[in-house]
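Residue numbers (the working numbering), protein chains in the order written: chain P, 250 to 527; chain E, 1436 to 1856; chain H, 20 to 439.
Fair warning: there could be bad hints in the mix.
Stated by the list, open to error - Derived coverage of chain H by chain P (criterion: at least 3 residues anywhere in the stretch with Cβ under 8 Å from a Cβ of chain P; other residues may be distant):
1) 150-159
2) 373-385
Unchecked claim - Partial pick of chain H residues on the chain P-facing surface, computed with a CB cut under 10 Å:
3) S47
4) L87
5) G147
6) S204
7) F238
8) T244
9) L246
10) P249
11) G270
12) Y326
13) A329
14) T330
15) I355
16) I395
17) T412
What the hints contain is simulated information worked out from the structure, not anything from laboratory work.
Glycine residues also receive a C-beta, built at the ideal position from the N, C-alpha and C atoms.
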Amino acid sequence: MSIKTANRIRLTLSYLILLGAIAVVIYPIIWVVGSSLNPGNSLSSSTIIPENATLDHYRKLFAETEYLTWYWNTLKICFITMVLSVIFIGLTAYAFSRYKFVGRKNGLLLFLILQMIPQFVAILAIYILAFQVGLLDTHLALILVYVGGLIPMNTYLAKNYYDTIPKELDESARIDGAGHFRIFWQIILPLSKPILAVIALFSFISPFADFILASILISSDEKQTLAVGLFNMISNKFGNNFTLFAAGSVLVAIPIGLLFLSLQRYFISGLTAGGTKG
Amino acid sequence: MKKLLALPLTFALAASALAACGPQEGTTSTGGKKEDSSKKPEKLVIWEDQEKGVGTKDAIKKFEEKHGIKVELKEIPMLDQQEKLRLDGPAGKGPDVITTPHDRIGPLAIEGLITPVEVSDDVTKLYTESSVNALTYDGKLYGLPKSTETPVFIYNKKMMDKAPESLEDLMAYAKGDKGGAQYGYLANWTDFYFAHGVLSGFGGYVFKEDNGTLDPKDVGLANEGAVEGLDYITSWYKEGLFPKGIIGEKAGSTIDGLFTEGKAASVMNGPWSFQGYKDAGIDIGVAPMPKLPNGEYVKTFIGVKGYNVSSFSKNQEWATKLVEFITNEENAKVRYEKTAEIPPVVSLMEDPIIADNEAAKAVAVQSERGVPMPNIPEMAEVWVPAANALQLSATGKSKPKAALDSAVKTIGQNIEANHKK
Amino acid sequence: MTHRKTAALLSIIPGVGQCYNKQWVKGSIFLFLAACYFIAFLDFLNIGLWGIVTLGTEVPRDHSIFLLVNGVISLIVVAIGLGFYALNFYDAYQNGKKRDMGLKLNTLREQYHNVIDKGFPYLMVGPGFLLLVFVVIFPIIFMLLLSFTNYNLYNSPPSKLVDWVGLQTFIEMFTLDIWRETFISVFAWTIIWTFTATTLQIGVGIFLAVLLNQKDLKFKGLIRTLLILPWAVPAFVSILIFSGLFNDTFGAINNDVLAAFGIDSIPWMTDPFYTKIALIFIQSWLGFPFVMAMTTGVLQSIPGELYEAATVDGATTWDKFKKITLPMILFTTAPILITQYTFNFNNFNVIYLFNNGGPAIPDQNAGGTDILISWIYNLTMTSAQYSKAAAVTVMLSIIIVSVSLFYFRKTKSFKDEGMI
């Protein structure tokens, strides 16, 4: 067998496997799109390619539910969470990468481990804390909890990335008289765009998925988030809103998908360096 | 050694010192302290069940006009309200009035989340005795009834001319041509709420009743009758008349879906579903449940939904007035028209609007044959093990007897573990 | 008496020691901060510390759980205060020592630079750390303390007070039959679930990343984007959709997919074995894109020379994967892979949303696919058994923390040997 045929076999096999993987990944997603276009209400009636496709559920979503409000709230929360996370994580990781201080060695790992502890009883505590500081039923409370939750893992990634930036760069700048913050701002920050983009993406999408915390901390209807709204559509045991839920989900997935697509370049290179120096 | 001793000693000292300080007598901290609850508040908040706000809106408007108090209505899934009240109440974000099914009254009262209502006999006389009893726990009345409900037999008039007399007839129909439907009859009989009627129609019971009090130590879900009942339920699955796809958690919505698409000719469901079925364009007929093969009636669970006053409310007197107002005859009638949920108001029961309505009458008749859901907190331990037994038998993994024995054992253990007073 | 002792002694009132050292500005700042602290927190600490000791004395004025939370917050505030207090002593002592030895003290300007220099990392880490204290540490302390109380349906505010009961809840747990009988089987499945689901999602992720990394493969970007899609859909949405697709009778998997291959319907939702398979599949579906993305990054950073050298030595593709690629990936991403395992150990959502731990299995107090966390949730939340829930969570946490600590240390020592 010549090398050429071997290569051809390898490539063909690879394509076949990848094609299979794509099919498995895409199937449920197409299915959701399909059922959002189905005229019926329930799952049992849905088909992947609807017979009488209708946009009725999308219309209903805007006309009869608070979908737009939820969407706006969620985008707001996601955006602020993203900005705050990038600032917090960027700074924290910089300190971890470049400075000596108490807790540097094990601090991050400690928090990574502590985060593994199941939190379902602890939600009580978060609720009362939010009450005590007057943040109950505000988006700020949610944002702070999300940001806090994002810090350990992402700081770890960012620190690894910073570690790959040669220290000589800071030192020469220091000799030129640059202060701590200027070094960070003018040297480290521009070089770490890829990892910051990754962190921005991670932190942007994480609030989309939370329906537990948001449902407990937020009580006003007009402050509700997408995840809670969508979840309520389908959690009602006696209700039958599967297709409506599907329509709502499609509209959630589209912008996130596009964001992924546009950030993909950063995404891979950001994690590259972040991963390699672990 | 001295140091070792000193440490706990200082702690103990500090602790006792701390125990001595704290808030001064009579100060308020968290927790609802009602000050002068007769003063007219600016606003009251009421938590209504999901999608049921339409029935209450008019009444609220009238109340606002009459008393000049703003009333804010929020829709929250009824079964989540207890959980939310537990946190929102003490935080001061809670409502003045909640709505809850009566089987939650016991736990809510024990936790002190809701408070007994003080209304005159003239008010309680408005409602059927059984509904008032359902909202009574430990001799005190917690709230006023909003609707009464029990599962009934619902059929698609296009496929079925009239409701069958007995389940045997129904089974024959389901084995026959089914009026063109895929399934002749569907019931969520792996959910204990729906299956209970069959089990108890054959002679099973949840808790032994003795003069109005329930004995949580005597669970009758594995007695001869219950086993016979489960045997009968299982036969529907065994014969393939109930598909496997309606077993388990999501069965309810699957059945609803099949019925609204005309794939099932008849179902067992409660009054809350009527409106949805009509909206889906199904011409429904409603009847009491067909008789069991032993000639007995299906003894379905009767549930009473009520409005209750939160004990965190600062305006309990006005909250009670609000409850009284929205459950009065006039407003109950409006709610019935909007939501098709049947209010247990005596005068309305005889009103042609209900008496001549097929669906409402069916619910009323079925209610007479049913038993109220237990409202003692031990009931919380029954649902899951009982549902497991139903499922195991329906899927043929256990014999009915073995499944129920095991469920009763588990229920007993859970009660023992979680309800030691 | 030496300066250092006098200064330290005077520092009992913060700032006075510094003033004694003639560092007036620093001293007054310290004094000012201390005054602020007391004015701001005294009342809160008073109630908070009283509350955490007594958990309230009077119903309905005192809500034990709110008092407990306030108590925990107070403890944190006290800890922060004590930290500063210690710093104040240390500073006065050190400067006093300098004076004893006849050294010149730092001028104000030098002090300022000192603070900026030494304090810079603290300044950067500080805000994040503070947030973590309240978001991560505070709930854990609360849960730990809750497990020593009797908070349940019958001892619940506002109608009753909650009391400290010591280890009673833990003892009860070990003596109750229901826990013992079911624990082993639930625990066994939890372990199997954690290992198979996580390993599969990691395996699939790495495998696809390696496939996609072949130089002569076309449409890489497109394929990668498509494969990353599961990540873009919120997990709870996907899980709920899967639970519809897997319906025994009406689901598309049985009706369309398997039917197309001529396979009979499989009881996905009613047979524990198949439900487990479905769950593992779903979790892999949800989890592989992250691993794939991360691995792709690692792969692109492996120097090509390594492979060339291996080729020269006559290594096969498999050899290269086993000796270079895989160790490289595992080595660089180990801590993150460990978090994937612990995440699945506690993956309540997928179990609960897919089939609520079902289907039922005979003679057991848990569903056929319940893992520890979902089982505990059902057992304790049906009748508000908060203290029990807390106690079990504490025990679970001990397991998780010690296992992951062990692995973290292992990967760390592995790392310290310096593989690259």
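For each hint, the structure was consulted:
For the segment 150-159 of chain H, the stated coverage by chain P holds: 9 residues have a C-beta nearer than 8 Å to a C-beta of that chain, and at least 3 were required. Coverage of the segment 373-385 of chain H by chain P is violated. Counting CB-CB distances below 8 Å, 0 residues qualify, and the rule asks for three or more. For H/S47, the suggested interface contact is broken, since its CB lies about 27 Å from the closest CB of chain P, more than 10 Å. Proximity of H/L87 to chain P holds as hinted, the smallest CB-CB distance being about 8 Å (cut-off 10 Å).
Using the Cβ-Cβ criterion of 10 Å, the hint placing H/G147 at the interface with chain P is satisfied: the shortest such distance is roughly 4 Å. With its C-beta approaching chain P no nearer than about 20 Å, H/S204 sits outside the 10 Å limit, and its interface hint is violated. About 9 Å separates the beta-carbon of H/F238 from the nearest beta-carbon of chain P, less than 10 Å, and the hint is met. With 10 Å as the threshold, the beta carbon of H/T244 comes within range of chain P, its nearest partner Cβ sitting at about 5 Å, so the hint holds.
For H/L246, the suggested interface contact is upheld, since its CB lies about 6 Å from the closest CB of chain P, less than 10 Å. For the restraint placing H/P249 at the interface with chain P, the shortest Cβ-Cβ distance is roughly 6 Å, inside the 10 Å limit, so the hint holds. Checking H/G270 against chain P: minimum C-beta separation of about 8 Å stays under 10 Å; hint holds. The criterion of a C-beta within 10 Å of any C-beta in chain P is not met by H/Y326, whose closest approach is roughly 15 Å, and the hint is violated.
Because the smallest distance between the Cβ of H/A329 and any Cβ of chain P comes to about 17 Å, over 10 Å, the interface hint for this residue is violated. Proximity of H/T330 to chain P is violated relative to the hint, the smallest CB-CB distance being about 12 Å (cut-off 10 Å). Taking 10 Å as the C-beta contact cut-off toward chain P, the hint placing H/I355 at the interface holds, the least distance being around 7 Å. At its closest, the beta carbon of H/I395 sits 9 Å from a beta carbon of chain P; the interface hint therefore holds under the 10 Å criterion.
Hint on H/T412 holds. Least Cβ distance to chain P is approximately 5 Å, under the 10 Å limit.
The earlier numbered hints that this structure contradicts are 2, 3, 6, 12, 13 and 14.
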